Amino acid sequence: MSTVSEQRILVLGVGNVLLTDEGVGVRVVHELMAAYDFPPNVKLVDGGVLGLSLTGILMEADQVIIVDAVRGGEEPGTLYRFPWEAKPEHIQYKDSLHQIDLMETMAMLPLLGQPPAMVVLGVEFGDIDNYGLELTPSVEKAVRPLMDLVLKELEGLGAPGAPKAQPQKVTNVFGHSS
Amino acid sequence: MELKAEVLDKIEAKGVNRREFIKLATVVTSVLGLAPSMIPKVAEAMAVKQRPTVIWLHFAECTGCSEAFIRATYPWIDEIVLDVLNVAYHETIMAPSGKNAEKSLHDAMTKYKGKYILVCEGAIPTKNNGVYGKVGGRTMLSIAKEATKSALATICVGQCACFGGVQAAKPNPTRAMGVGMATGTKTINIAGCPPNPINMVSTVVHFLLLGKLPAVDSNGRPLFAYGQSIHDNCPRRGHYENKEFVKKWGDAGALKGYCLYEMGCKGPNTSNNCPLVKFNDGTNWPIGAGAPCIGCSEPNFWDTQSPFYEPI
Amino acid sequence: MAKYTIDPITRIEGHLRIDVEIEGGKVTNAWSSAQLFRGLEIILQGRDPRDAPWITQRACGVCTEVHALASIRALDDAVRVNIPPLARIARNLVHGAQFIHDHPVHFYVLSALDWVDVVSALKADPKKTASLANSLGDYPSSGVADFKAVQDKLKTFVASGQLGPFANGYWGHPDYRLPPEANLMAVAHYLMLLRLQVKAARMMALFGGKNPHMQTYVTGGVTCAQDMLDPDRLAEFLYYLKEMQAFIDNVYIPDVLAVAAFYKDWGAKNIGGTTNFLAYGNFPLNSGRYADEKFFMPAAVIMNRNIGAPAAVNPELITEEVKRAWYKDGPALNPAKGVTKPLGKPRYNYGGKYSWFKAPRYQGKPMEVGPLAQVLAAYAKGQPQTKALVGAVLKHLNVPASALFSTLGRTAARAIETKVIADQMAAWVTEAIGLIKAGKIETAAEWKWPGETMGFGLIDVPRGALGHWVHQDAKNKIKNYQLVVPSTWNLGPRDAKGQLGPVEEALVGTPVADPKQPLEIIRTVHSFDPCIACGVHVIDPDTNEVRKFKVC
Chain E
1 MSTVSEQRIL VLGVGNVLLT DEGVGVRVVH ELMAAYDFPP NVKLVDGGVL GLSLTGILME
61 ADQVIIVDAV RGGEEPGTLY RFPWEAKPEH IQYKDSLHQI DLMETMAMLP LLGQPPAMVV
121 LGVEFGDIDN YGLELTPSVE KAVRPLMDLV LKELEGLGAP GAPKAQPQKV TNVFGHSS
Chain X
1 MELKAEVLDK IEAKGVNRRE FIKLATVVTS VLGLAPSMIP KVAEAMAVKQ RPTVIWLHFA
61 ECTGCSEAFI RATYPWIDEI VLDVLNVAYH ETIMAPSGKN AEKSLHDAMT KYKGKYILVC
121 EGAIPTKNNG VYGKVGGRTM LSIAKEATKS ALATICVGQC ACFGGVQAAK PNPTRAMGVG
181 MATGTKTINI AGCPPNPINM VSTVVHFLLL GKLPAVDSNG RPLFAYGQSI HDNCPRRGHY
241 ENKEFVKKWG DAGALKGYCL YEMGCKGPNT SNNCPLVKFN DGTNWPIGAG APCIGCSEPN
301 FWDTQSPFYE PI
Chain Y
1 MAKYTIDPIT RIEGHLRIDV EIEGGKVTNA WSSAQLFRGL EIILQGRDPR DAPWITQRAC
61 GVCTEVHALA SIRALDDAVR VNIPPLARIA RNLVHGAQFI HDHPVHFYVL SALDWVDVVS
121 ALKADPKKTA SLANSLGDYP SSGVADFKAV QDKLKTFVAS GQLGPFANGY WGHPDYRLPP
181 EANLMAVAHY LMLLRLQVKA ARMMALFGGK NPHMQTYVTG GVTCAQDMLD PDRLAEFLYY
241 LKEMQAFIDN VYIPDVLAVA AFYKDWGAKN IGGTTNFLAY GNFPLNSGRY ADEKFFMPAA
301 VIMNRNIGAP AAVNPELITE EVKRAWYKDG PALNPAKGVT KPLGKPRYNY GGKYSWFKAP
361 RYQGKPMEVG PLAQVLAAYA KGQPQTKALV GAVLKHLNVP ASALFSTLGR TAARAIETKV
421 IADQMAAWVT EAIGLIKAGK IETAAEWKWP GETMGFGLID VPRGALGHWV HQDAKNKIKN
481 YQLVVPSTWN LGPRDAKGQL GPVEEALVGT PVADPKQPLE IIRTVHSFDP CIACGVHVID
541 PDTNEVRKFK VC
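As given, the protein sequences belong to chains E, X and Y, one line each in that order.
Following this note's numbering, the numbering of the first sequence begins with 1 at its first residue and continues without gaps.
Following this note's numbering, the numbering of the second sequence begins with 1 at its first residue and continues without gaps.
Following this note's numbering, the numbering of the third sequence begins with 1 at its first residue and continues without gaps.
The following block holds chain E by itself, in its conformation from the complex (with noise of 0.2 Å):
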């Protein structure tokens, strides 16, 4: 059994960054990416819409973090934490393709070997059927709740991220790097 701090960690964001609030997930983690660092046993990844492209990353890790849009019934920005195996009846997942995309990868990862530990930080959202770069406003405000949720998270699982001295501004739809 390896220690804590030996785990590999992923943070995937998923979601489609335009239809407004579907890409909260990634943007949560470009903002990580561009105002943290993280030690190097964690891995934060923008799995977008990739769905089965990500078995391989996935597979890769002993504890996933995935950060997603969810529909809970509650006020929009309302912020959730679940397991994925042990998620609670009354949460409906999104009905958007990316999502049937990742049960499918999920369901596939056990043929695969060991699948990870996995932790869904979701946020309820406003309006994922429109097309919009933007999100709504009450779940802007959920951004910055959210990377605490996540750091939080790492911190738990002996891996927190350290401020940058200077941290990227997130300036697209990808995230700082391009």
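In case anyone wonders, no lab produced these hints; they're calculated from the structure.
If you're wondering where the values come from, they're calculated on a predicted model, not measured in any experiment.
Backbone N, C-alpha and C define an ideal beta-carbon position, used for all residues, glycine too.
Take these hints with a grain of salt, some might be off.
Stated by the list, open to error - Cut-off 25 Å, straight-line C-alpha distance, at most; resulting in silico cross-link-like pairs (SDA-like, lysine to any residue):
hint	chain 1	residue 1	chain 2	residue 2
1	E	43	Y	143
2	E	43	Y	135
3	X	247	Y	226
4	Y	477	X	310
5	X	170	Y	47
6	Y	153	X	69
7	X	23	E	85
8	X	186	X	213
9	Y	155	Y	140
10	Y	440	X	255
11	Y	26	Y	399
12	E	169	E	149
13	Y	440	X	244
14	E	43	Y	149
15	X	256	X	233
16	Y	395	Y	384
17	X	127	Y	344
18	Y	242	E	36
19	X	243	X	255
Unchecked claim - Which stretches of chain Y does chain E cover? Using the computed rule of at least three CB atoms under 8 Å from a CB of chain E, they are:
hint	region
20	232–240
21	433–446
Stated by the list, open to error - Here are the simulated distance ranges between beta carbons:
hint	chain 1	residue 1	chain 2	residue 2	range
22	E	138	Y	427	21 to 31 Å
23	Y	441	E	148	34 to 44 Å
24	Y	441	E	86	40 to 50 Å
25	Y	434	X	255	12 to 22 Å
26	Y	450	X	219	35 to 45 Å
27	Y	385	X	255	32 to 42 Å
28	Y	496	X	150	49 to 59 Å
29	E	79	Y	423	31 to 41 Å
30	Y	427	X	252	21 to 31 Å
31	Y	137	E	144	32 to 42 Å
32	X	255	Y	423	25 to 35 Å
33	X	255	E	138	26 to 36 Å
34	X	255	Y	496	48 to 58 Å
Starting from the known structure of chain E, fit chains X and Y onto it as the hints suggest.
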């Protein structure tokens, strides 16, 4: 479903990613119409040590079929094919000199006489004894005749090798025709322009799994892939039954994915599994992109299915 | 100088034949000859014009899509239809996907091995390779273990005796200048690209239905209405694009620069350079007939390397000559009135006819087409992205702009163009979203058969300026159809005045260290990215010996 660990280890040793491999084995299993419980068997067949010898010949073609193979299915397919098969002759693998290449072909044909699988890409020009197409100073016609004679089986890849292709379209200036017709041989025809590489791989796996080539239709096409019409399996079929048709490009029907019959779709005339497996790893297919099928896996479709935009 | 006749000439596989004379270690004369008559024009006659894109697309499965695009533009023009903005963007996305697939594939699969010695990579130290890679850029998979793995793979490859794609090489040639570590790095990236190109092909399939031989273009627009309006499709496209951009920025461009640094003299001496350049323009920013179109990559004619004076393209000034080609003699004709009368018994004659290619000319001049022409046009017309990138490359290599007129310049231009196009594509997706949000979701415009009509479609494609000319009769059938393809411009023969074609001109003056291994010649021929399998014949004046090489 359980895969033998050693199969996966072997695959990984070849630099093939497990995930891609399992996915491919799953697709091949479904293309062959086998039960999911056969996936491990298919995977095993694809990882075998005993590799059948293949001689691969190029005739009159546009390289689209080769291109389809290198970029379609899963990225590692080229390696799987190269590792699964013993490719004794392939023009793009040969040493530069034409003479040496000729010798390699001759050697391979002698050494594996009666045992090699011949794969042909491209049509055979036959006018004036085939002078319009030569490789190494010999007509394609004479090379094809010799190579098919000693082959265990001949697999034709693409419309050109199967039936003559674009150069055989009227007025067929070089009297080009498919390898089977030009040589008087019975061939397995993986039809399409280009064909879906998954059907080629599946044919080979069928051979490895069952020790024989798949059953074919009257045009030499494997029934597992070409046994049903595109129309029968089309996701838009319901719209056809409901008489919901696209009438103009981009109209309300087009936005709803209505049937393309009135726009000239040749799906009802065409046998192929495109609706089930799609192209480029399932990314899309012509009807998916709102484009009518042009019937590219039917014999001489350039003449028999055109004009493409007139209803059947 | 004595003439050397090669007969028979068929001992070599391939449809392009290059003959050269070498004296004093340099090429003194060159002939480029197409060995295959395709006859597509003849097959097209009498058919429904709407079928032309699918027939002409089958001219080549490597440069798939491009003929369909030129053809559909000719058909749009013939019926005078303006396509809707969303259709224009869809075509730009599909066409752009072809560029970012084709150019990196050309560099790594077709031309890198002219500069990179694969066998030398076996001697490389993986540790040093990793530090070299890290000193050059932000390469992915560049650890010691990664390079060791590639080297092991290569060793197995070589030990098996089957070199696969690395056959045909002149390994150990004295003009391979890269150190073993750089060679190993390039081989690693070659393998990386082989896998990545599959994803670039999916980008085309997202809207084109499949690749190769996509199927979405129709007169008046595109059929992929559902895909273009599907946010998940658009997002998927962006993710593949992002992956390709990372490769272009972190691997392709740094590799080109790394190779170029070892061959600066090829730029300084303008080895492989030509004189005149033609770009039809690419990626329309509005809809309309050619004369009214504005392009993201501008159209321009550049004569005598004068990038200070780019002229507009006038399609009327394009002619094709047959004096030195295997067609019945006749006047130089505009393709709109072109005739194709092949000779029954083609005989290779250095002083006379020697190719199935006609000789296209603009204002009577031979013109180079392709990435170098396209980048020069964009540079000359002041397109900011190209200007900045060309400037950065020249500065990095510390060479003057004149070095662009060379084989090396052509290779660099291809990489520059790839980046300029890839960096623009996300903006087109954003533009599409803007249109959709504004309710402008038309993907095809209506049109009527106009009776007898003519049309032409000009567009730049990865290999250069591509033109289709269609003449429809009153019964809406094809009366005449002519294609003038990039390789005809670049690899066409001499004309009536004896002016050399661009590749012939480019070859003259090329140093050849060893006529038995004509590596330098092949570099220049490959830099034009000939769309046809080609063979090179080298005539050694000392021995009168003719050597033949299959080069692709």
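Tested hints:
no. : hint                      : verdict
1   : E:43 x Y:143              : 17 Å, holds
2   : E:43 x Y:135              : 23 Å, holds
3   : X:247 x Y:226             : 15 Å, holds
4   : Y:477 x X:310             : 13 Å, holds
5   : X:170 x Y:47              : 10 Å, holds
6   : Y:153 x X:69              : 22 Å, holds
7   : X:23 x E:85               : 23 Å, holds
8   : X:186 x X:213             : 12 Å, holds
9   : Y:155 x Y:140             : 22 Å, holds
10  : Y:440 x X:255             : 13 Å, holds
11  : Y:26 x Y:399              : 24 Å, holds
12  : E:169 x E:149             : 20 Å, holds
13  : Y:440 x X:244             : 24 Å, holds
14  : E:43 x Y:149              : 23 Å, holds
15  : X:256 x X:233             : 18 Å, holds
16  : Y:395 x Y:384             : 16 Å, holds
17  : X:127 x Y:344             : 13 Å, holds
18  : Y:242 x E:36              : 22 Å, holds
19  : X:243 x X:255             : 16 Å, holds
20  : 232–240                   : holds (count 6)
21  : 433–446                   : holds (count 3)
22  : E:138 x Y:427: 21 to 31 Å : 29 Å, holds
23  : Y:441 x E:148: 34 to 44 Å : 40 Å, holds
24  : Y:441 x E:86: 40 to 50 Å  : 42 Å, holds
25  : Y:434 x X:255: 12 to 22 Å : 19 Å, holds
26  : Y:450 x X:219: 35 to 45 Å : 40 Å, holds
27  : Y:385 x X:255: 32 to 42 Å : 34 Å, holds
28  : Y:496 x X:150: 49 to 59 Å : 51 Å, holds
29  : E:79 x Y:423: 31 to 41 Å  : 36 Å, holds
30  : Y:427 x X:252: 21 to 31 Å : 29 Å, holds
31  : Y:137 x E:144: 32 to 42 Å : 34 Å, holds
32  : X:255 x Y:423: 25 to 35 Å : 31 Å, holds
33  : X:255 x E:138: 26 to 36 Å : 32 Å, holds
34  : X:255 x Y:496: 48 to 58 Å : 55 Å, holds
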